[in-house]
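Asker: Here's the letter readout for the chains.
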Amino acid sequence: MLKILKYSFYDLMRSRWSYIYFLFYLLLGTVLLFLNNDLSKAIITLMNVIIILVPLIGTIFGVMYYYNSKEFTELLLAQPLKRNSIFLGQYLGLSLSLTMSLVLGIGIPFILYGIFKSDSIWNFSLLLITGAFLTFIFTALAFNISLSNENKIKGFGYAVLLWLFLAIIYDGIFLMSLILFEDYPLDKLSLFGTMLNPIDLSRTLILLKLDISALLGYTGAVFKKFFGTSFGLIVSLFMLFVWILIPTLRIIVKSKKKDF
Amino acid sequence: MVVIENLHKTFQKNKVLTGVDLTIDKGGIFAILGPNGSGKTTLIKSILGMVIPTQGSIQIMGKNIKNNWLYRKKIDYLPQIANFPNNLRVKELFKMIKDIRGNTNTDQELIELFKLSPFLNKKLGNLSGGTKQKVNIVLTFMFNSPILILDEPTTGLDPISLIRLKELIRKEKTKGKTILITSHIMSFVEEISDEIVFLLEGKIYFRGNITQLKTQTEQPNFEHAIASILKNTYA
Ligand SMILES: Nc1ncnc2c1ncn2[C@@H]1O[C@H](COP(=O)(O)OP(=O)(O)O)[C@@H](O)[C@H]1O
Ligand SMILES: [Mg+2]
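The listed protein sequences derive, respectively, from chains L and W. Mapping to the UniProt record's numbering: the first sequence position 54 is 54, numbers consecutive. Mapping to the UniProt record's numbering: the second sequence position 67 is 67, numbers consecutive.
Any given hint could turn out to be false.
Unchecked claim - Mimicking DSS-like on lysine-lysine, the simulated pairs with C-alpha atoms at most 25 Å apart in a straight line are: (1) K122/W x K82/L; (2) K70/L x K224/L; (3) K70/L x K74/W; (4) K6/L x K13/W; (5) K203/W x K3/L; (6) K70/L x K203/W; (7) K3/L x K15/W; (8) K6/L x K123/W; (9) K6/L x K122/W; (10) K122/W x K257/L; (11) K175/W x K74/W; (12) K98/W x K82/L; (13) K257/L x K73/W; (14) K98/W x K70/L; (15) K257/L x K74/W; (16) K3/L x K91/W; (17) K122/W x K70/L; (18) K66/W x K82/L; (19) K254/L x K122/W; (20) K73/W x K82/L; (21) K3/L x K66/W; (22) K257/L x K175/W; (23) K66/W x K254/L; (24) K258/L x K74/W; (25) K70/L x K66/W; (26) K257/L x K15/W; (27) K258/L x K73/W; (28) K123/W x K257/L; (29) K256/L x K171/W; (30) K70/L x K26/W; (31) K3/L x K188/L; (32) K258/L x K66/W; (33) K258/L x K63/W; (34) K254/L x K15/W; (35) K91/W x K6/L; (36) K82/L x K175/W; (37) K154/L x K13/W; (38) K95/W x K6/L.
The hints are simulated quantities; they were obtained by calculation from the structure and are not laboratory data. The model shown is predicted, which means the values in this text are computed figures rather than measured ones.
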């Protein structure tokens, strides 16, 4: 698996998309810092961007990479390699290279600004960790969709729909149901609803750590009340991990049965 | 070497293989023939574990291939369509496959034989079909595995390369290898193969040497013998 990971990773590192993605974050981080001149404000703004954008990029790159490396995959399938290692290697290679663009792109301006000497360092680390989680989750989801759809256009469509649903539509439905059923005790339901969406989960996680009650919103508040801050952090990190684990397991199962 | 028992493969509702039994227990060149879409590639890909059978079993060198992957070390495979990662250079591709399968120096001789040196630094996406096929051939022949599977190896080759390929195949045969070949070029098949395996309607319709095929179909030449099988089934 490590060999496949290595080749996928190098292959991606040579592609100009990795650089564009990296430069985008570099620019974003720099502009936010020097405009705001305030670390925590910059972190909050970044959070809002990352939580929507990272899933979109993970999804799109995941689908594109899968379909574009079809030839590579077929070549590898005829070699003495396990199927698992081929697909997991490619998945990890892509997720790692995207994560690297993110961490370096945002990390460099923040380090230059002096993040290590400030007390925002943990908040900032958590932001990057969440970004990494979201990258791994949405790349895995994209691989799942591609494995199930021979047709590239269809796969692409489903992937974008999934992102649209989790990033935007889900919140709308969630809010509506909270309003519609406001007479009922909704604490448990809203907890559950947050856990089922990795984007909501990430937002709650970061806001819990930043401890900005005003921004926590209803579910965040429930989360805090229910789990308390530190246990809440652990629970949401654990759930994010589950969100990586399940799609990854499905990649293994699905790829095992597939014909090439 | 290769034992296939009651192999079935259905894609969605398309029944491609419906009970293939095939035992090859010696070296030699075996041609797998059949009309377009008869499942030759499907059969080959099943042996390689790229297509998962609906039913039946395949053994390679005495081991069932199900959930197994190490057996592919024993097989060199030339795919029907030479699809390579487009942004990779020829040199890098050779290096990568050697990194995966183990080192060899045979590739140097083969590059020489097929005059590929000028293309080593070119990207695979920019090569012509014939040159890609030569790269494909080098990749396949550079490892010395006991089983060799060639799916339409002659596609796109110029006459000189075709001669080189035939020499190469014969040389591998003298090492006692088991070689499976599919091809549409009947003269190539007739010239090179020891035995014919004819796939028709999902099963093996005929297995034997060319003389037996001619006798059975009462045809004086090979091409007509094959054609007569097809005519009988189309009628
Ligand atoms: N991965 C696949 N998914 C669906 N159908 C397939 C797949 N591979 C092959 N087929 C179908 O199986 C049949 C046999 O194809 P193939 O084995 O390539 O034939 P041949 O190599 O003898 O020309 C064709 O009808 C083809 O469309
Ligand atoms: Mg074929």
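Asker: Now tell me if each hint is right for this structure.
Answerer: Against the structure, the hints:
1. K122/W x K82/L: violated (30 Å)
2. K70/L x K224/L: At roughly 45 Å apart (the allowed maximum being 25 Å), K224/L and K70/L break the hint.
3. K70/L x K74/W: holds (24 Å)
4. K6/L x K13/W: Violated, because 39 Å separates the two Cα atoms, which is more than 25 Å.
5. K203/W x K3/L: Given pair K203/W, K3/L is violated - Cα atoms ~39 Å apart, limit 25 Å.
6. K70/L x K203/W: violated (30 Å)
7. K3/L x K15/W: Since the Cα atoms of K3/L and K15/W sit roughly 37 Å apart, the hinted pair is violated (cutoff 25 Å).
8. K6/L x K123/W: Answer holds: K6/L to K123/W is near 20 Å, not above 25 Å.
9. K6/L x K122/W: Since the Cα atoms of K6/L and K122/W sit roughly 22 Å apart, the hinted pair holds (cutoff 25 Å).
10. K122/W x K257/L: The given pair, whose Cα atoms are some 35 Å apart, is violated under the 25 Å limit.
11. K175/W x K74/W: With Cα atoms ~14 Å apart, K175/W and K74/W stay inside 25 Å; holds.
12. K98/W x K82/L: Holds - the C-alpha atoms of K82/L and K98/W are around 17 Å apart, at most 25 Å.
13. K257/L x K73/W: holds (21 Å)
14. K98/W x K70/L: Measuring from Cα to Cα gives roughly 20 Å; hence the hint holds.
15. K257/L x K74/W: Holds - the C-alpha atoms of K74/W and K257/L are around 23 Å apart, at most 25 Å.
16. K3/L x K91/W: holds (17 Å)
17. K122/W x K70/L: holds (20 Å)
18. K66/W x K82/L: holds (12 Å)
19. K254/L x K122/W: violated (35 Å)
20. K73/W x K82/L: holds (12 Å)
21. K3/L x K66/W: holds (23 Å)
22. K257/L x K175/W: Distance of about 36 Å is beyond 25 Å: violated.
23. K66/W x K254/L: holds (16 Å)
24. K258/L x K74/W: holds (23 Å)
25. K70/L x K66/W: holds (23 Å)
26. K257/L x K15/W: holds (17 Å)
27. K258/L x K73/W: holds (21 Å)
28. K123/W x K257/L: violated (32 Å)
29. K256/L x K171/W: Violated. K256/L to K171/W sits at ~36 Å, over the 25 Å cutoff.
30. K70/L x K26/W: violated (35 Å)
31. K3/L x K188/L: Outside the cut-off at roughly 45 Å; violated.
32. K258/L x K66/W: OK: K258/L and K66/W at ~14 Å, within 25 Å.
33. K258/L x K63/W: With a Cα-Cα distance of about 22 Å, the restraint between K258/L and K63/W holds, given a limit of 25 Å.
34. K254/L x K15/W: Roughly 22 Å between the alpha carbons, so the hint for K254/L and K15/W holds.
35. K91/W x K6/L: With a Cα-Cα distance of about 17 Å, the restraint between K91/W and K6/L holds, given a limit of 25 Å.
36. K82/L x K175/W: Roughly 29 Å between the alpha carbons, so the hint for K82/L and K175/W is violated.
37. K154/L x K13/W: holds (21 Å)
38. K95/W x K6/L: holds (14 Å)
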